[in-house]
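Protein chains: 6
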Amino acid sequence: MFTVKIRESIMIAHSLPDPFFGPAQNMHGATYVADVEFQSVQLTEQNVVLDIGEAKSITKNVLSQLNYQNLDELSIFEGQLTTTEFLAKYIHDQIRIASRDIFTGTIKVCLGETHDAWASYQGD
Amino acid sequence: MFTVKIRESIMIAHSLPDPFFGPAQNMHGATYVADVEFQSVQLTEQNVVLDIGEAKSITKNVLSQLNYQNLDELSIFEGQLTTTEFLAKYIHDQIRIASRDIFTGTIKVCLGETHDAWASYQGD
Amino acid sequence: MFTVKIRESIMIAHSLPDPFFGPAQNMHGATYVADVEFQSVQLTEQNVVLDIGEAKSITKNVLSQLNYQNLDELSIFEGQLTTTEFLAKYIHDQIRIASRDIFTGTIKVCLGETHDAWASYQGD
Amino acid sequence: MFTVKIRESIMIAHSLPDPFFGPAQNMHGATYVADVEFQSVQLTEQNVVLDIGEAKSITKNVLSQLNYQNLDELSIFEGQLTTTEFLAKYIHDQIRIASRDIFTGTIKVCLGETHDAWASYQGD
Amino acid sequence: MFTVKIRESIMIAHSLPDPFFGPAQNMHGATYVADVEFQSVQLTEQNVVLDIGEAKSITKNVLSQLNYQNLDELSIFEGQLTTTEFLAKYIHDQIRIASRDIFTGTIKVCLGETHDAWASYQGD
Amino acid sequence: MFTVKIRESIMIAHSLPDPFFGPAQNMHGATYVADVEFQSVQLTEQNVVLDIGEAKSITKNVLSQLNYQNLDELSIFEGQLTTTEFLAKYIHDQIRIASRDIFTGTIKVCLGETHDAWASYQGD
Numbered sequence: 251m252f253t254v255k256i257r258e259s260i261m262i263a264h265s266l267p268d269p270f271f272g273p274a275q276n277m278h279g280a281t282y283v284a285d286v287e288f289q290s291v292q293l294t295e296q297n298v299v300l301d302i303g304e305a306k307s308i309t310k311n312v313l314s315q316l317n318y319q320n321l322d323e324l325s326i327f328e329g330q331l332t333t334t335e336f337l338a339k340y341i342h343d344q345i346r347i348a349s350r351d352i353f354t355g356t357i358k359v360c361l362g363e364t365h366d367a368w369a370s371y372q373g374d
Numbered sequence: 251m252f253t254v255k256i257r258e259s260i261m262i263a264h265s266l267p268d269p270f271f272g273p274a275q276n277m278h279g280a281t282y283v284a285d286v287e288f289q290s291v292q293l294t295e296q297n298v299v300l301d302i303g304e305a306k307s308i309t310k311n312v313l314s315q316l317n318y319q320n321l322d323e324l325s326i327f328e329g330q331l332t333t334t335e336f337l338a339k340y341i342h343d344q345i346r347i348a349s350r351d352i353f354t355g356t357i358k359v360c361l362g363e364t365h366d367a368w369a370s371y372q373g374d
Numbered sequence: 251m252f253t254v255k256i257r258e259s260i261m262i263a264h265s266l267p268d269p270f271f272g273p274a275q276n277m278h279g280a281t282y283v284a285d286v287e288f289q290s291v292q293l294t295e296q297n298v299v300l301d302i303g304e305a306k307s308i309t310k311n312v313l314s315q316l317n318y319q320n321l322d323e324l325s326i327f328e329g330q331l332t333t334t335e336f337l338a339k340y341i342h343d344q345i346r347i348a349s350r351d352i353f354t355g356t357i358k359v360c361l362g363e364t365h366d367a368w369a370s371y372q373g374d
Numbered sequence: 251m252f253t254v255k256i257r258e259s260i261m262i263a264h265s266l267p268d269p270f271f272g273p274a275q276n277m278h279g280a281t282y283v284a285d286v287e288f289q290s291v292q293l294t295e296q297n298v299v300l301d302i303g304e305a306k307s308i309t310k311n312v313l314s315q316l317n318y319q320n321l322d323e324l325s326i327f328e329g330q331l332t333t334t335e336f337l338a339k340y341i342h343d344q345i346r347i348a349s350r351d352i353f354t355g356t357i358k359v360c361l362g363e364t365h366d367a368w369a370s371y372q373g374d
Numbered sequence: 251m252f253t254v255k256i257r258e259s260i261m262i263a264h265s266l267p268d269p270f271f272g273p274a275q276n277m278h279g280a281t282y283v284a285d286v287e288f289q290s291v292q293l294t295e296q297n298v299v300l301d302i303g304e305a306k307s308i309t310k311n312v313l314s315q316l317n318y319q320n321l322d323e324l325s326i327f328e329g330q331l332t333t334t335e336f337l338a339k340y341i342h343d344q345i346r347i348a349s350r351d352i353f354t355g356t357i358k359v360c361l362g363e364t365h366d367a368w369a370s371y372q373g374d
Numbered sequence: 251m252f253t254v255k256i257r258e259s260i261m262i263a264h265s266l267p268d269p270f271f272g273p274a275q276n277m278h279g280a281t282y283v284a285d286v287e288f289q290s291v292q293l294t295e296q297n298v299v300l301d302i303g304e305a306k307s308i309t310k311n312v313l314s315q316l317n318y319q320n321l322d323e324l325s326i327f328e329g330q331l332t333t334t335e336f337l338a339k340y341i342h343d344q345i346r347i348a349s350r351d352i353f354t355g356t357i358k359v360c361l362g363e364t365h366d367a368w369a370s371y372q373g374d
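Protein chains in written order, with our numbering: chain G, 251 to 374; chain P, 251 to 374; chain F, 251 to 374; chain R, 251 to 374; chain H, 251 to 374; chain E, 251 to 374.
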């Protein structure tokens, strides 16, 4: 199994309006350091998992839709608790769609939210 | 597959009394930077793998039993070679027991012992 | 010169309402990984720069006033552009005041805002 | 599942002579920070995955054949595009062969090529 | 004293043709993870050390002249031993020139060449 | 000002027998990740701060006298509280002595003791 992983980051605001989240019910924010991993059992004829330039471009484009946004105001997240786990899957799903012409393997998105906490989603 | 990972650290003394370990047969010590990962195929209704506050509290409580201890003097480790691998499984098993009311998925414990060596245990 | 450095992090929302900041004029947010350094030419009789437990407690207390907050709504920051540089100095000044009974040396606060950008303030 | 991971690094020159690689068709170079992971379902009687000293020695020996080399001039790579993915598998295969008397589990080699890009190969 | 620091990286080939450098006399290469720090005693009226977007743009532009290059073939380095220390100063000097209309404080360039070695140059 | 920095680590046991240290009065231990920095206003004729191979060799030799030791049993530390600050200065002083034939500039030793705490000593 081969993998390629790239790192980007975004800065967002949101609130988590459920008593479960205690102080995070307030409007607050986060930097997510996004590690996006592409996994494949085989390499292309150029000996790569995929075109890393394309992978970066797709990832930046997906992330740019969230970067510098207040997630509470985005209609795509209406009625959703935008936890780190939820956002990892959302970003995964968007990268999956945007990369389907160049990559069909497993994708993993890991979001680092502080120096001591991370959440990820991996899907086939 | 979703994961949540948290980081804590502990400082312990021990010796590894078997000729196999060369200079580590001496009483020495280590900082273990513990990365504890909780894996789950589904999220709760709050869109989380588990309550991260609970996960941190359980992890700190398990680690506090080892922190600032000389492992050679703990009866629970009598007759055991307390290698990093062994301790990763021990911490895993204790977190498994302490979290069983709130989490039933896979748990992975990775202990960083220097800037260039790690050992981990993952169990279902 | 001796130093002791500790790391904590906070998650905040804010906006930077000046055209200079482009997309960061939007309500967005950040995780700040705060490295707080205490510098001293001498050690105490216990061979330390200061009581690291006290230093952590003071730092956590200062940071807790910002953590999970929307800085735009805090009266202490009214009319201020809460840039990373500004916040590094604000946190420095608050730690300075809160630690004055136990420490009189130089303090440096460095805030990491992404995996590739930091700002700091150091004052005597 | 237990793992042990060690870190070493090498510095090499090479070119990637295919239009696919754009500017990387030029003679250029890289530092690869190599994370080598050994995975095993059981521990030895000394409570280890394998002798970490042996693992380091084998890894250093394999890497030393590439360190400070121009890969374009090595006959073993003639006609090959020495991408990071390809090199991760090559290093994996060499460590596999060199360690077969002391380890039969899964080996993963992850090469960090910048602060924001990695490639890996894992084989049974 | 305020600072802003940004991180970028480049990949180059070169040789160090002096017996002093042992195996590094060979054509080899390196990834340099470049941390560029801008230091200032005062902030602008926008509460920043300098426009971080401009700082990134200037830094990327300076680094792009070296990225994916064989330094042995660049006329600007003819007859020079392109050590990490030398390159840190070269990059510093180029960023100094390129930023002189927007920044007049101290600049520090630190180049990480492996996971365990760095060189830097700081100039007023 | 030029600097070169290298990283090594050691694993030691010790106790801090003063009520000031609370639980660290127990026999416990630590991994110290040692960052050793050599600072110089000028480069040698080979464009380096100093011979990095010599610097590594001197540093490893100094650290090897502490590695895998119980500091409480070393006569050189009798009656001393071997805090991280104290050890940073001790290692600095030993590297100073061992390197005096090849380096006369400033030396800084920073010891990382966990993922969120460091102490350092810098001397001319």
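What the hints contain is simulated information worked out from the structure, not anything from laboratory work. Treat the hints with care, as some may be off.
Note: identical chains are not told apart, hence a pair may lie in one copy or across any two.
To be verified - In silico DSS-like links for lysine-lysine, alpha-carbon gap of 25 angstroms or less:
| id | residue 1 | residue 2 |
| --- | --- | --- |
| 1 | Lys339 | Lys310 |
| 2 | Lys358 | Lys310 |
| 3 | Lys306 | Lys358 |
(request) Would you pick out the hints that fail for this structure and give their numbers low to high? (result) none
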